[in-house]
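Number of protein chains: 2
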Amino acid sequence: MFRTYTCGELRLSDQNKTVTLAGWVQTVRKFGSITFVDLRDRYGITQLLFSESLNGQLENNPLGREFVLQVKGTVNERSNKNLNIPTGEIEISVNEFSILNKSATPPFTIQDDTDGGDDLRMKYRFLDLRRNAVKKNLELRYAVGRSARNYLHENNFMDIETPFLIKSTPEGARDFVVPSRMNAGQFYALPQSPQTFKQLLMVSGYDRYYQIVKCFRDEDLRADRQPEFTQIDCEMAFVEQEDIINMFEGLVKRIFKDVKSIDYTETVPRMTWEDAMWNYGNDKPDIRFDIKICNLKKPATVFTNKTDQAALINGADFKVFDEAETVVAIAAPGCSEYTRKQTDELTEWVKRPQVGMKGLVFIKCNADGTYKSSVDKFYPEERLKAIAESTNAKAGDLVLILAGTEERTRKAISDLRMYMADKLGMRKNDEFKLLWVLDFPLFEYAEDENRWVARHHPFTAPKPDHIPVMINNNPAIEDAANYLAHPYANIKANAYDMVLNGNEIGGGSIRIYQRELQEKMFAALGMDATEQQHKFGFLLGAFEYGAPPHGGIAFGFDRLCSILGGSESIRDFIAFPKNNSGRDVMLDAPGPIDAKQFDELQIKLNLKQN
Amino acid sequence: MFRTYTCGELRLSDQNKTVTLAGWVQTVRKFGSITFVDLRDRYGITQLLFSESLNGQLENNPLGREFVLQVKGTVNERSNKNLNIPTGEIEISVNEFSILNKSATPPFTIQDDTDGGDDLRMKYRFLDLRRNAVKKNLELRYAVGRSARNYLHENNFMDIETPFLIKSTPEGARDFVVPSRMNAGQFYALPQSPQTFKQLLMVSGYDRYYQIVKCFRDEDLRADRQPEFTQIDCEMAFVEQEDIINMFEGLVKRIFKDVKSIDYTETVPRMTWEDAMWNYGNDKPDIRFDIKICNLKKPATVFTNKTDQAALINGADFKVFDEAETVVAIAAPGCSEYTRKQTDELTEWVKRPQVGMKGLVFIKCNADGTYKSSVDKFYPEERLKAIAESTNAKAGDLVLILAGTEERTRKAISDLRMYMADKLGMRKNDEFKLLWVLDFPLFEYAEDENRWVARHHPFTAPKPDHIPVMINNNPAIEDAANYLAHPYANIKANAYDMVLNGNEIGGGSIRIYQRELQEKMFAALGMDATEQQHKFGFLLGAFEYGAPPHGGIAFGFDRLCSILGGSESIRDFIAFPKNNSGRDVMLDAPGPIDAKQFDELQIKLNLKQN
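Sequences listed follow chains A and B, in order.
Terminal number for the first sequence in the working numbering: 605, no gaps in between.
Terminal number for the second sequence in the working numbering: 605, no gaps in between.
These are calculated hints, taken from the structure and not from any lab test.
Misleading hints may appear alongside valid ones.
Copies of the same chain look alike in the list, so a pair counts if it works inside one copy or between any two.
Straight-line alpha carbon distances no greater than 27 Å define the calculated BS3-like cross-link-like pairs of lysine-lysine that follow [unchecked claim]: (1) K118 / K515; (2) K603 / K252; (3) K314 / K515; (4) K346 / K255; (5) K209 / K591; (6) K287 / K603; (7) K287 / K418; (8) K591 / K458; (9) K287 / K353; (10) K336 / K314; (11) K76 / K248.
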C-alpha cells in the first residue's frame, strides 16, 4: 500500500503519528525556505509542511499542480488552523517524499469554479471528474443507488439481470441494433427497457423484481437526453395500483432520508392527469409554488367534466378572446409594478416560436385596489377585478392571460408559469415536492396514421371498469376529425407517474396479464395477428401459462440524482456522458470500423448522398 | 394487494387467522368430496383444504396445474403434518376462492427433476424459471451480488457506471458493434470490459471503484460461454499486488460466509504460474485433490529453472520415451486393479483428437508391493518402482505416463488428471479450494504474426524488476524458431488469477500508469504511434496528468455463482441465457430488421454466397 492514511482522515488526536500519505498536489505555497503543499485525494485535503532541510531536494524535483506525491512524515498541530475542513487542525511535517508521477499543466483548473468550458471538460473528463463538484455528484449517485438497493432488499425484491442483446421490436422509440456475426443478416437490439423481461419474471413467480439497469434509445437527442441512460426498474406481482404507490412512495422517502437527511413524512399528494392538465397545463406539474391556471375558456370537446369561466370574458367584443378556442390565465405574485419594458419582455417571450403565442394580455392588480389592463377598452374595471379574482390574484399581483388554440395555449401557459416561477425564485433547488399523477389516458391519437398509439406502452392495463369499453368497441376511427368522441379516447390507464419538482422521475402501470386483452391492445395499435406473433409471441405465449396480476414502475436514475443534487443537468451525474450528438468526445466515439469487421458481420455502408 | 400472506409464511402460531393467499396450483388431490391443493409461490408451498361445501363450485371451475389462484380461509393445524417444509404443520381451510388466471398444460413438469429437455426448457424459459432448482440458482446469484456489494461498500469502494456505447478497439476478442444513426458510417462498440474506464477513474482519483456489469464478446461460443456475461469489476489506486490479493481474498471469503455459511479461514495458497504448469499442466489447477505431475522429461528450452527426472527413464532403449520431448506421469490412487478393459478405455480416451496422444503407458503398483507395466520389457521392476515412487504412487495406485511434444503432452496430462479425478469422485461439488496463481508471463508468442501478444491485456504492468528488460530491449523477434530465447519471453507480469476448484473465477493485474511504458507495451504488440493514438489516445493522454499507481481485478460473476451453486453450467445461473449459437430461443433473437431501420442506419447487408 502506498499510504497508511487517506488525505481526509487525520485529526488532532493523531498527533505525533508517523504516517504515509499519497495523493495529488492541489497547491504549492513557498514561504522563504519553507514550502506548504495541499495534498488531495478522494477523501479530503491534508496540509504538508516541507521544512528547510528538504529545500534542496524540492528544487531538484519541483512539484507542480496535479503531481502524484507520496510523503512520509509526522502529524503535528497546525499553528494556523483552518476549521473549514476536517483535517484543518493538523499538518504533516514531511521527512521523505517521492514523486509517483508527474503531471502536465491541466487544461483547466481542478476547482469548483473551474475555468474550463463544457467542451474542454468533456474532452478531459478524467480531469473534470477530479473536481469536487463532480465527485460529489457521483457520490450522491452511488448513495441513491445503495439506498434504493437496501430498501428494495428489505422489501423482498430480488435483483435479476435481464439480457442486453435482445430482439428489435420498434414501437415508439428507435432501437439501437447490433449485427450478429454468428447469425449473419440478423440483428440484436439493445433494450429500451427490460419491460417484457420483468413481466416474464412475474409470470415465472419472482413476484418482486428490481434492477438498476442501462437502457438504450436511439432518439434525436434533445438537450439533456442521453442515448444510454439508467433506470431503477421494478415490478411486483399480486398487486394493485395502491400497493405500488405505497411501496415506491416508501422508496423515494427512504432515498430522501438516506441521501439528503430529509424526513419526508407528508403523504405525497395525488392528482388525476385531467386535473394536472386543467390546473397546470402539464402532466408533471411543479407544485413547489402555488400558481394555478384559471380556465377562462375551453373548447366543448375537451375536459368535458370541467366548467370554464367564459362568462367573465364573454360579451365584451374583444375579438382575441372571442375567436380563441382557449383562454387561460395565471397570477404572477408581486409583479403588478412591472414596467412597460418588463411586460414587453414577457410578451416577446411568449411570441418566441418555441412558445408560439400571438400576444399576452395583462391585468395589473395595483396595491391600492385598482386594476389596470392592456384591454381596458374592452373590460371595465369591475370586470377586470372579477377576472383577476378568478385567478386568485391579490393586490400587487400581475395577471397574465393567453388566448389561442387549446393545445398550444395550454402548453404556453404552463411554460409561462414555469418561466415566471424561475424569474421569481419560486423553484428552490433545496425544496422537494413529490406528486403522483394518476389516471392517464390509455391511448393517444396519432393524426398522421389515423390510429391509436399507447400513451405509456402497449402493456399497460386500462382501469378495471374501462376494460369492457376496450373489449366491446372497435378501435377503428371512422371520423378522424371527431376522434375525441371515440370510446377509446376516454379509456383511462391504470398508470401512475411520480413527479418531483416538475420532473417525471418515475412512471409505471398495472399491466395487462390476460392474452385476450393483450391481443386486443396490440390490435388497437394496428398490429395484425402475424405481427403480434412475430414481435411478442413469447409474451402472449407466457400469458397462457398462469400469468399473475402484476404491475411496476421505473425511475429515471440519472434524472432523480440530478434533481436531488439540485442540478438541471443529468450529464453532471454521469461519469462518462455523451454530448448532444451522441458522441463521447473523450473517446472520440463512435468511429469507423475495420474492413475485417464489415466482412465478418457481412454488412456494408450505404451512405446517402448529401 | 391480492394476498395478506405468502405461501411460505404461515406457521402453527398463526392458527385461526383469516388469511388471503395467492399463488400457483402445484398439485390437486381429490379424496371423495374433499380436495387438497398445494399452492406455490416464490416463498414456499401451503396446503389448501377445499371442503365439501366448495365441491360444486370446484366442479364448475376446475383447477389445473399452474392456474393462478387466490383463496381466503382460516389457518388450521394439519392432521397429517409434513415436517419437511416450514409450512407443513398447517393448512388453509378455504372459504372463498377465485381463479385469477388459467394455465394451459405446461410443456414440461414444474419440478426439480423435470421431464423437459434443454431446448424445450429454453424456449419456455419463463416456465423453467418457476422450477425450484432454477429459482435457487437465481437466489444464490442475488445473494452473491449483495454480499459483494456490502463488502465492497464497507471497504470504501464506489459503484460507478461506465458507458456501454464506446469505441471499437479490437485487440484480442471481437467487439460487438452498434451502427450510429446520428453519426452515419460510424459505429459504437459494446465493452468487452470497462478496463480503460476504470483506469481513467483511478486517474480521476476515485481510488476504489467497483461495478457489477455486463460485458460483451463476439467470440465463437464454446460450450458454456455467453456473448454477454457479467463481471464484478474492481480497481484500486495506490496499491501493490499484495494489497489487491488481501482485499479480494477477503471479498471471496465474505461471499462464502454470507452465501454458503462457510468460514473459509485458511489463507489462500499462492502458486507461481510456472509451478502451476510444472506440477499440474494447467494455469488454473484444481487442488481439491492431491495428484501432481511427475516431470520425467522436458525440453531444455522450457522450465529452465526446473529439473526433470530423465535419469529414471533414459537408457532403456524405449523409443517412445527417447524420442519424446516431454514425458509426464501421474499416479491414480487405488486404480492398480483396473482391468484390461478399463485401461484400454483410458488409452482410447487419451487418443481422442481432443487430447491427441498416441498412447498411454501404465505401471500398476500392486498391493503386494510388486510392479507390473505395459513397458515391462524395457524397464525392469526396480526401475518401474523408481518411476512409480517419483510420482508418489502408493501400493494400489496406477501410474499413467504420457509422452509427446511439450505443449500437447502437458495439456494432455492435465486433462487426464482431471478426468481421473472426476472418475474417482475426487472433485466434490460441496468442497471449495481457492488458489492464487501469480507471476504469469507478460507476453505470449503469436506464431502466425511472429510477434508478441499480451497474455492478460495491454494494460498489465511487468514485475517492477522486469521493467528495465522491457524498456531496454527491442521487441522484434529476429529468430522465430528460437523465440523463447528473446528477453521478452521471460518478462513476468504483475498479474494474478484467483482459482476456485479448477476454474479461473477472477483475474487482474497491477497496471501500467506511465505513458512511456504504456507506449512501449503497445509498440511491443505491433501498434505504431498512429494506431496507438487513434485507439488509446485518451488513455495515453490521461497518463500525462498525474496517473497514480493502480491495479484491479475482475471476477466472472456467472462462473463464480455456478461453482458456488455446485454446477458446471453457467446457463443455469442466468435468467435468460443464450444458446451456443448466441440465440435467445425464447425471443427468437437475433432476427431481421426493417427496411426503414437499414435506411436510417445507412447500412445494408452484404451476405456471402454459401
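Verification of the hints:
no. : hint        : verdict
1   : K118 / K515 : between (50 Å within a copy, 25 Å between copies)
2   : K603 / K252 : neither (53 Å within a copy, 59 Å between copies)
3   : K314 / K515 : neither (46 Å within a copy, 79 Å between copies)
4   : K346 / K255 : neither (40 Å within a copy, 67 Å between copies)
5   : K209 / K591 : between (29 Å within a copy, 25 Å between copies)
6   : K287 / K603 : neither (50 Å within a copy, 64 Å between copies)
7   : K287 / K418 : within (17 Å within a copy, 79 Å between copies)
8   : K591 / K458 : neither (54 Å within a copy, 35 Å between copies)
9   : K287 / K353 : within (22 Å within a copy, 89 Å between copies)
10  : K336 / K314 : within (25 Å within a copy, 106 Å between copies)
11  : K76 / K248  : neither (39 Å within a copy, 44 Å between copies)
Comparing the model with each earlier hint shows violations of hints 2, 3, 4, 6, 8, 11; every other hint is respected.
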